Amino acid sequence: MTPSYPRILPAGLGGLVVQFAPVLSEPANRAALAFRAAVEGAGWAGLTDCATALVSVFVGFDPFASSNMRDAVARLLASRDWLAEPLRTGRDHLVPVVLDGPDLPEAAALAGLTVPEARASLLAEPLRVLTIGFAPGQPYAGELPDAWAIPRRPTLTPQVPEGALVVAIRQAIIFAAPAPTGWWWVGTTAFRPFRPDLADPFVLRAGDTITLQSVSRDQIAAQRAAEGLPC
Amino acid sequence: MLTVLAAGPCVTVQDAGRPGLMAQGLSRGGAADTRALAEGWALLAQPGAACLELAGFGGRFRLDRAARIALTGAAMPARVGDRVLPWNAALALPAGAVIEVGAARAGVYAYLHIGGGIATPPLLGSRAAHLVAGIGRRLAPGDVLPLGDDPGGPVDVTLDAAPRFGGGELRLTASVQTGLFAPDTRARFEATAFRAGRGDRMGLALAHDSAGFATDAQRSLVSEVIVPGDVQMTGTGAPFVLLAECQTTGGYPRIGAVIPCDLPRAAQAAAGDPLRFRFVSEGEALAALARDRAELAALAPRPMRRALDTATLMAAQLVGGAVDARADPFSQEP
Numbered sequence: 001m002t003p004s005y006p007r008i009l010p011a012g013l014g015g016l017v018v019q020f021a022p023v024l025s026e027p028a029n030r031a032a033l034a035f036r037a038a039v040e041g042a043g044w045a046g047l048t049d050c051a052t053a054l055v056s057v058f059v060g061f062d063p064f065a066s067s068n069m070r071d072a073v074a075r076l077l078a079s080r081d082w083l084a085e086p087l088r089t090g091r092d093h094l095v096p097v098v099l100d101g102p103d104l105p106e107a108a109a110l111a112g113l114t115v116p117e118a119r120a121s122l123l124a125e126p127l128r129v130l131t132i133g134f135a136p137g138q139p140y141a142g143e144l145p146d147a148w149a150i151p152r153r154p155t156l157t158p159q160v161p162e163g164a165l166v167v168a169i170r171q172a173i174i175f176a177a178p179a180p181t182g183w184w185w186v187g188t189t190a191f192r193p194f195r196p197d198l199a200d201p202f203v204l205r206a207g208d209t210i211t212l213q214s215v216s217r218d219q220i221a222a223q224r225a226a227e228g229l230p231c
Numbered sequence: 232m233l234t235v236l237a238a239g240p241c242v243t244v245q246d247a248g249r250p251g252l253m254a255q256g257l258s259r260g261g262a263a264d265t266r267a268l269a270e271g272w273a274l275l276a277q278p279g280a281a282c283l284e285l286a287g288f289g290g291r292f293r294l295d296r297a298a299r300i301a302l303t304g305a306a307m308p309a310r311v312g313d314r315v316l317p318w319n320a321a322l323a324l325p326a327g328a329v330i331e332v333g334a335a336r337a338g339v340y341a342y343l344h345i346g347g348g349i350a351t352p353p354l355l356g357s358r359a360a361h362l363v364a365g366i367g368r369r370l371a372p373g374d375v376l377p378l379g380d381d382p383g384g385p386v387d388v389t390l391d392a393a394p395r396f397g398g399g400e401l402r403l404t405a406s407v408q409t410g411l412f413a414p415d416t417r418a419r420f421e422a423t424a425f426r427a428g429r430g431d432r433m434g435l436a437l438a439h440d441s442a443g444f445a446t447d448a449q450r451s452l453v454s455e456v457i458v459p460g461d462v463q464m465t466g467t468g469a470p471f472v473l474l475a476e477c478q479t480t481g482g483y484p485r486i487g488a489v490i491p492c493d494l495p496r497a498a499q500a501a502a503g504d505p506l507r508f509r510f511v512s513e514g515e516a517l518a519a520l521a522r523d524r525a526e527l528a529a530l531a532p533r534p535m536r537r538a539l540d541t542a543t544l545m546a547a548q549l550v551g552g553a554v555d556a557r558a559d560p561f562s563q564e565p
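From first to last, the protein sequence lines are chains A and B. In this text, residue positions in the first sequence follow our numbering: the first is 1, and each later residue adds one. In this text, residue positions in the second sequence follow our numbering: the first is 232, and each later residue adds one.
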């Protein structure tokens, strides 16, 4: 039986998930962002969290402080065609990057591109922040051109540094903290998506755009040193 | 001030964490055993205060001023000089006291609460270390922590801690992918005797002897928001219970979600402790949660009977055991 979308599913005792599609699509991502904004604006009693993933929205609530959150979510969901909502745009962030990651040749080959073509393709269009997640402030951005519909690596890379640019499944991530990854490490930035020293430590929001700008390895090294990041 | 003279492998400052920031990719974090946090708050009458979380092993901590303290959570042998410190009790210690805390005998996470609380600068409304996010860090010898002013409060009072150490039953309600697991897989999951494996503030891996628990759909799932309590099935079909410091998105299917009031039991399961899961109705889960909240709200420390205090006697035996383990057991007089 194929489920129909959108749909509401339980996520533990104090959570619901609204799924707009089974796989990533631009309209479903747009719908998730719009639905989240509507939940935030609704002022529901007992709401504790509202967060988007790529094509879904998590609604967290205190089950004793809210009266039937499922009904409230269902009514809001039925109130309009969320996939037809306009794109919610945010700020644009210029992010210098050096595209010389250790996985670039293999990822380019999988994408059917030469390394120079792969670089040009990654720089061609601004990337939209589809969601923030996994680690604080960490963006999942895309969608990359069709050629980048490549699978994840067959093995995990034990660790990539904060600021690593990785790609897979038509998406790009800039790591907000050192972490292991199964994605392809294609470039390095000095961009820190999470800056605990700032009043608002979360630099990006879902809906923002990232424009990658190609610079030299030396420039990135200097920028990373200035940010206190390992080179 | 509190000076760290020695520290176990994961001693951190913790409080109730940072709720409400999942949209920014930051999980709540905070004390792994929220009940032990509440017990410390009740004993010292200082709700919200930050304390030290001691994972598996304590350390040595010196007070530079007289202070009220309380130890809660996983029992560890503790003393100041020759004085054995009871668990789950508010005590007055003099300036210069060096609190020595050993290895956990049951459970994982112990908490050292100090009157006035740890007063490090808050970040995003909390003093809690969030190791995955790179906020704060594990404490090390030589660290000096500021303490808040203690307006004074109860001493020589104790309370009974709810049992939650050594494993047991974890109750589940439905999560996003529960319906993707076949009914007989869910039944087998409930019938399986698990053992706690590797655990940390992010989550607890479970081991079992039978086949893994898989769903046909698991390779094609798009990443979704995950929360503490979710029971993920990893690629090998072994369950992983997410705890306070989990990531905020993940792509593994979740067979269920541990109800919030059973999470302290999950966090306190030490390697090898037996664990089972049981799906309960939403009504049963809500009733359990309501009961838990009522208990926490009603935590009322009572005066200690110093000479016959059970907690003191138990702690004394634990310390005795620690000494025995290093001594020649045959040299002891009966």
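The hints are simulated quantities; they were obtained by calculation from the structure and are not laboratory data. Among these hints, one or two may not hold up.
As the list claims (entries may be wrong) - Stretch-level coverage of chain A by chain B, calculated; a stretch enters the list once three of its residues show a Cβ under 8 angstroms from a Cβ in chain B:
{"id": "1", "stretch": "7-17"}
{"id": "2", "stretch": "90-96"}
{"id": "3", "stretch": "215-223"}
Said to hold, decoys possible - Residues of chain B placed beyond 12 angstroms of chain A at every Cβ, according to the derived structure:
{"id": "4", "residue": "Asp295"}
{"id": "5", "residue": "Asp387"}
{"id": "6", "residue": "Arg402"}
{"id": "7", "residue": "Arg426"}
{"id": "8", "residue": "Ala469"}
{"id": "9", "residue": "Pro534"}
Said to hold, decoys possible - Derived Cβ-Cβ restraints for the label pairs, each shown as a range:
{"id": "10", "chain 1": "A", "residue 1": "Phe64", "chain 2": "B", "residue 2": "Arg533", "range": "54 to 62 angstroms"}
{"id": "11", "chain 1": "A", "residue 1": "Leu198", "chain 2": "B", "residue 2": "Glu513", "range": "39 to 47 angstroms"}
{"id": "12", "chain 1": "B", "residue 1": "Val329", "chain 2": "A", "residue 2": "Asp197", "range": "30 to 38 angstroms"}
{"id": "13", "chain 1": "B", "residue 1": "Glu513", "chain 2": "A", "residue 2": "Asp81", "range": "49 to 57 angstroms"}
{"id": "14", "chain 1": "B", "residue 1": "Asp391", "chain 2": "A", "residue 2": "Ala65", "range": "25 to 33 angstroms"}
{"id": "15", "chain 1": "B", "residue 1": "Gly468", "chain 2": "A", "residue 2": "Leu156", "range": "29 to 37 angstroms"}
{"id": "16", "chain 1": "A", "residue 1": "Ala65", "chain 2": "B", "residue 2": "Gly373", "range": "16 to 24 angstroms"}
{"id": "17", "chain 1": "A", "residue 1": "Pro126", "chain 2": "B", "residue 2": "Ala413", "range": "26 to 34 angstroms"}
These numbers come from a predicted model, not from an experiment. Glycine residues also receive a C-beta, built at the ideal position from the N, C-alpha and C atoms.
A quick look at each hint next to the structure:
For a cut-off of 8 angstroms, the count of residues in the stretch 7-17 of chain A with a CB near a CB of chain B stands at 8, and the three-residue condition holds. Counting residues of the stretch 90-96 of chain A whose beta-carbon sits less than 8 angstroms from any beta-carbon of chain B gives 0, not enough to reach three: the coverage restraint is violated. Using a Cβ-Cβ cut-off of 8 angstroms, 0 residues of the stretch 215-223 of chain A lie near chain B, which falls short of the minimum of three, so the contact claim is violated. Every CB of chain A lies more than 12 angstroms from the CB of Asp295/B, the least distance being 28 angstroms, so the non-interface label holds.
Remark: the non-interface label on Asp387/B is consistent with the geometry, its nearest Cβ contact in chain A lying 35 angstroms away (cut-off 12 angstroms). Residue-level check failed: Arg402/B sits 10 angstroms from the nearest beta carbon of chain A, not beyond 12 angstroms. Non-interface status of Arg426/B relative to chain A is upheld: no Cβ of that chain comes within 12 angstroms, the nearest being about 24 angstroms off. No Cβ of chain A approaches the Cβ of Ala469/B within 12 angstroms, the least distance being about 17 angstroms, so the stated non-interface status holds.
Distance check for Pro534/B against chain A: the nearest CB is about 33 angstroms away, which clears 12 angstroms, and the non-interface claim stands. Checked against the hint of 54 to 62 angstroms, the C-beta distance between Phe64/A and Arg533/B comes to roughly 28 angstroms, which is inconsistent with it. Restraint check, Leu198/A to Glu513/B: a C-beta distance of roughly 41 angstroms satisfies the suggested window 39 to 47 angstroms. In this structure, Val329/B and Asp197/A meet the distance hint of 30 to 38 angstroms, their C-beta atoms being roughly 34 angstroms apart.
Take Glu513/B and Asp81/A: their Cβ atoms lie about 30 angstroms apart, and the range 49 to 57 angstroms is violated. Look at Asp391/B against Ala65/A: about 28 angstroms separates their beta carbons, and that is inside 25 to 33 angstroms. About 18 angstroms separates the C-beta atoms of Gly468/B and Leu156/A, a value inconsistent with the hinted range of 29 to 37 angstroms. At about 44 angstroms, the beta-carbon gap between Ala65/A and Gly373/B misses the expected band of 16 to 24 angstroms.
Under the hint 26 to 34 angstroms, the C-beta atoms of Pro126/A and Ala413/B, about 44 angstroms apart, miss the expected range.
Hint check: violations occur at hints 2, 3, 6, 10, 13, 15, 16 and 17; the rest are consistent with the structure.
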